[in-house]
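Peer 1: From first to last, the protein sequence lines are chains A and B. With the first sequence counted from 1, adding 4 to any position gets you this note's numbering. With the second sequence counted from 1, adding 1 to any position gets you this note's numbering.
Be careful, since some hints might not be right.
Incomplete in silico selection of chain B near chain A, CB under 10 Å [claimed, not checked]:
#1 Thr17
#2 Lys20
#3 Tyr34
#4 Lys42
#5 Glu53
#6 Asn58
#7 Arg64
#8 Ser72
#9 Leu91
#10 Ala93
#11 Ser95
#12 Leu98
#13 Arg110
Cβ-to-Cβ under 7 Å is the rule here; a few derived chain B residues that face chain A [unchecked claim]:
#14 Ala40
#15 Pro96
#16 Ser99
#17 Phe105
#18 Pro107
I should point out that these hints are in silico values taken from the structure, not numbers from a laboratory. Cβ coordinates follow ideal geometry from the N, Cα and C atoms, glycine included.
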Amino acid sequence: DAKTTQPTSMDCAEGRAANLPCNHSTISGNEYVYWYRQIHSQGPQYIIHGLKNNETNEMASLIITEDRKSSTLILPHATLRDTAVYYCIVRVTTNAGGTSYGKLTFGQGTILTVHP
Amino acid sequence: ETGVTQTPRHLVMGMTNKKSLKCEQHLGHNAMYWYKQSAKKPLELMFVYSLEERVENNSVPSRFSPECPNSSHLFLHLHTLQPEDSALYLCASSPGLSSYEQYFGPGTRLTVT
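Only chain B is shown next, with the shape it has when bound in the complex:
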């Protein structure tokens, strides 16, 4: 247990569906991150938030829409996804943006059909 939880753990959605991934951290951290891990590809940083403000959008398509309502929660809203968006989506948090350690959740395994 890292103190970072993600729900759901598995999700299957059609290309016309709208769904949301949820991340919650119980560590009192101020920074949160979304990563994507596709099969046979390295982890890719998608978004960075600090104190609920988006710091980085790493050229992510608009069909992925992040939301950070408070420093403990991070959402990734999904709509009109493509099959190539199937991947493991990982959330992480850190005390601050310059902290040396990021704590990762277990991820949500997303399959787009």
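Next up, chain A with everything else stripped away, as it sits in the complex:
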């Protein structure tokens, strides 16, 4: 599985943009980059995903470098409720007993703390 590397922790001031980096230098051409987050005492929540192009939705933007070896998740205006662990994941299509499925392998993630 393609490994991702993220900083252990980051801080961000409320109202400012939070830029969370991720390295995935061994990613294969057809593997997607996914971002999830986990707020304390809750299950993980999907944020965004992408293959090559930059993506934006109501939660965040995803910037993927041209060589696809790294990406950045951008929360444009961080709030206190964005304090969470953010996981960058390379989704791998896995074959199990003849059935394929998209496997999410979670790492340790980045602990983002948004402060007033």
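Got chain A; can you put chain B on it based on the hints?
Peer 2: Coordinates of chain B only, in the frame set by chain A:
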């Protein structure tokens, strides 16, 4: 609210007990998953089900026994657990196995004494 509920939210059990964790999804999804999140360790995928058929058993010990009676419900039956099995057990669902988004429940915090 993600549309995935888990009960109980907290469970304390002895090593000789038998208990079950329940997951229910109200999203009409066809795939369901069990994950384990131990303290200071990443989430680990345990089981994958698609249309009530088990697709993946990720080298999970037999003291964990999953059951998927229909596409809306997923159970994890527990027996003769060890203290190191104490963890947060998370259930997730997705429209299908190739869907890009998994929806997670809040988890069951299990403590084995």
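Peer 1: For every hint, state whether the structure bears it out.
Peer 2: Verification of the supplied hints:
1. The criterion of a C-beta within 10 Å of any C-beta in chain A is not met by Thr17 of chain B, whose closest approach is roughly 29 Å, and the hint is violated.
2. A distance limit of 10 Å between C-beta atoms decides the matter here; for Lys20 of chain B the minimum to chain A is near 20 Å, and the interface restraint is violated.
3. Checking Tyr34 of chain B against chain A: minimum C-beta separation of about 9 Å stays under 10 Å; hint holds.
4. With its C-beta approaching chain A no nearer than about 9 Å, Lys42 of chain B sits inside the 10 Å limit, and its interface hint holds.
5. Hint status for Glu53 of chain B relative to chain A: violated, with the closest Cβ pair at about 13 Å, above 10 Å.
6. About 8 Å separates the beta-carbon of Asn58 of chain B from the nearest beta-carbon of chain A, less than 10 Å, and the hint is met.
7. Residue-level restraint check for Arg64 of chain B is violated (minimum Cβ-Cβ distance to chain A is 21 Å; threshold 10 Å).
8. The closest approach between the C-beta of Ser72 of chain B and any C-beta of chain A is roughly 15 Å, which is over the 10 Å cut-off, so the hint fails.
9. The interface hint given for Leu91 of chain B is met, as the beta carbon of that residue sits about 5 Å from the closest beta carbon of chain A, less than 10 Å.
10. Checking Ala93 of chain B against chain A by beta carbon gives a least distance of about 7 Å; that is within 10 Å, so the hint holds.
11. With a cut of 10 Å, the hint placing Ser95 of chain B at the interface with chain A holds, because the nearest CB-to-CB distance is about 8 Å.
12. The interface hint given for Leu98 of chain B is met, as the beta carbon of that residue sits about 4 Å from the closest beta carbon of chain A, less than 10 Å.
13. Taking 10 Å as the C-beta cut-off, the interface hint given for Arg110 of chain B holds, the closest approach to chain A being about 9 Å.
14. Interface restraint check: Ala40 of chain B against chain A, minimum CB-CB distance 12 Å, threshold 7 Å, status violated.
15. Checking Pro96 of chain B against chain A: minimum C-beta separation of about 11 Å lies over 7 Å; hint violated.
16. Among the interface hints, the one on Ser99 of chain B holds; its C-beta lies about 6 Å from the nearest C-beta in chain A, closer than the 7 Å criterion.
17. Proximity of Phe105 of chain B to chain A holds as hinted, the smallest CB-CB distance being about 3 Å (cut-off 7 Å).
18. A cut of 7 Å between beta carbons decides the hint on Pro107 of chain B: the least distance to chain A is about 6 Å, and the hint holds.
Against the hints set out earlier in the document, violations occur for numbers 1, 2, 5, 7, 8, 14 and 15.
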